[in-house]
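Asks: Sequence:
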Amino acid sequence: DFRASEGQTGGLLRYRPGAGEWDHFHADETTRAPYAVTRTGDGTVWVGSNGLMRFRDGAWTTVSGPEGVSSWIQSLAVDGDDNLWVGTRLYGLYRLKGSSSPAEGAWTRYTTADGLADNWVHAVRMGPDGTVWASTMRGVSRFDGNTWTAEATPHLMDAHSVVPASGYLWINTPGGVIRYLAHRGAP
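Taken in order, the sequence shown gives residues 3 to 189; the numbers are from the working numbering.
A hint or two may mislead.
As the list claims (entries may be wrong) - List time: in silico EDC-like cross-link candidates among lysine to aspartate or glutamate, alpha-carbon distance up to 16 Å:
(1) K99 <-> D84
(2) K99 <-> E31
(3) K99 <-> D83
To be verified - Label-pair restraints from in silico Cβ distances:
(4) E153 <-> G178: 18 to 28 Å
(5) T63 <-> G43: 25 to 35 Å
(6) K99 <-> D59: 20 to 30 Å
Just so you know, these hints were derived from the structure itself, not from any lab. No residue lacks a Cβ here, since even glycine has one placed at the ideal position from N, Cα and C.
Generate the whole structure from the sequences, applying the supplied hints.
Replies: Now the structure itself:
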């Protein structure tokens with residue numbers, strides 16, 4: 003049970019609405035500083051921090067995989083095919099195909115060499131049409147399923163997050179929030 007007044011910090015909280023109760027997964031079970039949390043269709047909870055962890059069948063496990071997956075993870079997202087997307091601080095973006103089995107061969111890595119604007123990915127989000135949006139230290143990138151467009155928005159540097167909604171992109175930058183009318187083709 004969680005008692006902030008007793009100095010419990012770190013880890014994760016889970017609310018169980020049916021019971022009206024909170025579960026506290028302590029930092030020694032999970033991680034002290036989670037940056038991202040998401041859930042795939044099979045009910046697995048994924049947590050990004052200094053590495054990737056998953057909660058399945060009542061147990062936490064550390065996910066082994068490519069080098070970047072064991073580093074600082076900034077963002078997690080799940081696409082319409084239930085693939086897990088992992089945005090890292092230095093290694094670009096990873097896609098785990100068929101997210102239930104994180105075997106080495108199931109990972110695809112995307113970097114600046116593939117057209118990503120920068121390898122420091124602040125956030126990754128899915129558009130309603132299946133487009134993958136990645137906000138990076140050097141702007142917003144768009145993936146149409148085949149090709150990355152590095153400058154998916156004009157003149158935006160260091161986009162902290164991007165949210166596709168109702169035909170617009172909402173982009174958080176150090177200078178404020180921008181609402182940008184997303185184009186169907188390259189800008």
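Asks: Confirm or reject each hint.
Replies: So, going through the hints one by one against the coordinates:
no., hint, verdict
1, K99 <-> D84, "holds (8 Å)"
2, K99 <-> E31, "violated (26 Å)"
3, K99 <-> D83, "holds (8 Å)"
4, E153 <-> G178: 18 to 28 Å, "holds (20 Å)"
5, T63 <-> G43: 25 to 35 Å, "violated (19 Å)"
6, K99 <-> D59: 20 to 30 Å, "holds (21 Å)"
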